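**Student:** Sequences listed follow chains A and B, in order.
Read in my numbering, the first sequence has 173 at position 26, and its numbers run on one by one without any break.
Read in my numbering, the second sequence has 879 at position 26, and its numbers run on one by one without any break.
Hints were generated in silico from the structure; no laboratory data involved.
Check the hints yourself; a few may be wrong.
Short derived list, chain A residues pointing at chain B, Cβ under 8 Å [claimed, not checked]:
id : residue
1  : 305
2  : 327
3  : 328
4  : 329
5  : 330
6  : 332
7  : 336
8  : 337
9  : 339
10 : 343
11 : 344
12 : 345
13 : 346
Here are the computed lysine-lysine pairs in the DSBU-like style, where the Cα-Cα straight-line distance is at most 35 Å [what the hints assert, rightly or not]:
id : chain 1 : residue 1 : chain 2 : residue 2
14 : B       : 1029      : B       : 880
15 : A       : 326       : B       : 916
16 : B       : 880       : A       : 323
17 : B       : 981       : B       : 1070
18 : A       : 326       : B       : 1070
19 : A       : 250       : A       : 326
20 : B       : 1070      : B       : 931
21 : B       : 858       : B       : 982
22 : A       : 246       : B       : 927
23 : A       : 326       : B       : 984
24 : A       : 323       : B       : 981
25 : A       : 326       : B       : 927
26 : A       : 324       : B       : 927
27 : B       : 981       : A       : 448
28 : A       : 323       : B       : 916
29 : B       : 880       : B       : 1070
30 : B       : 982       : B       : 1070
31 : B       : 984       : B       : 1029
32 : A       : 324       : B       : 1029
33 : B       : 1052      : B       : 880
34 : B       : 1052      : A       : 326
Please read all numbers here as calculations on a predicted model, not as lab measurements.
Each residue gets a CB set at the ideal place from its N, CA and C atoms; glycine is no exception.
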Amino acid sequence: MAELIVYGIVLGSIISLGAIGLSLVYGILRFANFAHGDFLTAGAYVALFMVTGVLSWIGIPDNTFGSLSFGWRMVIAFPISMVVVGCVAIALDRILYRKLRQKGSGAVMLAMSSLGAAFIIRMIILIIWGADSLFYRPGLMRPALEVPLGIKIRPDQILILFVVLFLVVLLHLFLKKTKMGKAMRATADNMELALISGINTERIIIWTWGIGGALAAAGGILYGIDVQLHPYMGWNFLIPLFAATILGTIGNIYGALIGGLTIGIAQQVSTAFLLPTYKLAVAFIIMILILLIRPKGIFGKE
Amino acid sequence: MIILKAEDITVGYTEVDILHDVGIRVKSGEIVSIIGPNGAGKSTLLKTIFGILKPRNGSVTLKDEDITGLNPDKIARKGISYVPQVENVFPSMTIQENLEMGAFIRDDDYSQRIDEVYDLFTVLRERKKQKVGHLSGGQRQMVAMGRALMLDPQVLLLDEPSAGLAPVLVSDIFEKIMEINATGVAMIIVEQNAREALKMAHHGYVLAMGRNVLDDKGEALLANEEVGRLYLGG
Ligand SMILES: Nc1ncnc2c1ncn2[C@@H]1O[C@H](COP(=O)(O)OP(=O)(O)O)[C@@H](O)[C@H]1O
Ligand SMILES: [Mg+2]
């Protein structure tokens, strides 16, 4: 059981990265971006393209660090993929969502169009990489470490936790300490007053998409390292992402973090009683329960 | 000297005109109060002056510069600040952060200005780390005014600063408004509390159904029998 909780925290931390981005975007634009899951997928595959393609061609050594399953190539590919997917998210807003907003389309219309965008991203990945599962380093299995309580955990998983922690702390400092971060919170709080205060809210929206896309990419890569890559990986994350976001109160990024960990732990622990194929159903049931009992989430004001 | 004037303003939210040829003038250092029944278009006039609504006809002039149709951030840079009637704070942010957002477009060191705002609203200084959403209505109104003062405006637009406040707090807020005015800031105040608003005002305007009805010195409007009967509740 302790082991399932630890695995749940690893999975949950990945869900959190996606949920935080989803929540940030919702906080400012008030619509559910169904393409967010596919940002995770895009991130994982952009990193794959870097690791097995570009970085190999330019001769970056294919080493691994100690007992981890990756090396310099991934260290370089990781931030590049975050930037690329951040730009994809921004571009999607400029080309599609912003146009719809300007035409006065409602939240439902925007959510529908995001379903279309999700489909397109997935199809592009399917066309380029095919429908099979892929790995950053096929065939390499690192032995798990034994830690107290009889928990087996792979070094990769420990690193995943640190990477997520690092990114969350970085985001926290950005939102609390920098002028742009504060302006972002102000815009989420009251967009009209932000405009009145001279904040360029269009620029804030661009930053929000960029950060949301980059965090999703990070989540996708970490999942790829932990498990595998698959064109539907992000789409399958969508329900846990929404469950985490709603549980943690939509628009609240700290809530999204807690929500992500909760959903991840619930999903993993459920495998002690249910077939692993029911993991998604577990996230779905939690989401329905929150919507019924406390629709505004744990941090919501009634 | 006339610091701000709006002339022949015709504007609406949809195709329907809400204001018809409305005009208003503010001399530097003056308090101008706008009174009139609900739905007269008082808030609409402030929104138009601040560039949130673009007038179909008419002009807004600050000193000698035509600022008609500029966006709010441009107008804020020119020296006008605006406190909306509702939703005029960032509730999930602290008092200090609300003031910082008021200074968003300033690139210089504004710590002294924050100090001055805290000197004016001393209760805010004690709570600067508190979230504004947790404050009382009166304190929230102070935060809203403080945010607007951060740019050191020449003209301050206040939309119903006393709305929803307990009577004791109303006089507090009016006192603060007088203090701000004493530092040389000209103001346009829209008020339901018409009698009090006219007492403070150098000049008053009566608006009804989107049109200018009357304007005169504050005390003259107070003394006007018809104004008393129609707009000041007898
Ligand atoms: N956002 C809006 N969209 C459409 N009509 C509006 C809006 N705000 C106000 N109005 C209309 O404009 C008119 C004037 O409103 P307002 O300027 O708020 O009046 P006042 O501030 O004098 O009470 C009213 O008839 C109101 O219904
Ligand atoms: Mg009004």
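**Student:** Taking the numbered hints from earlier one at a time, note which ones the structure violates and give those numbers from smallest to largest.
**Tutor:** 1, 2, 3, 16, 17, 18, 21, 28, 30, 34
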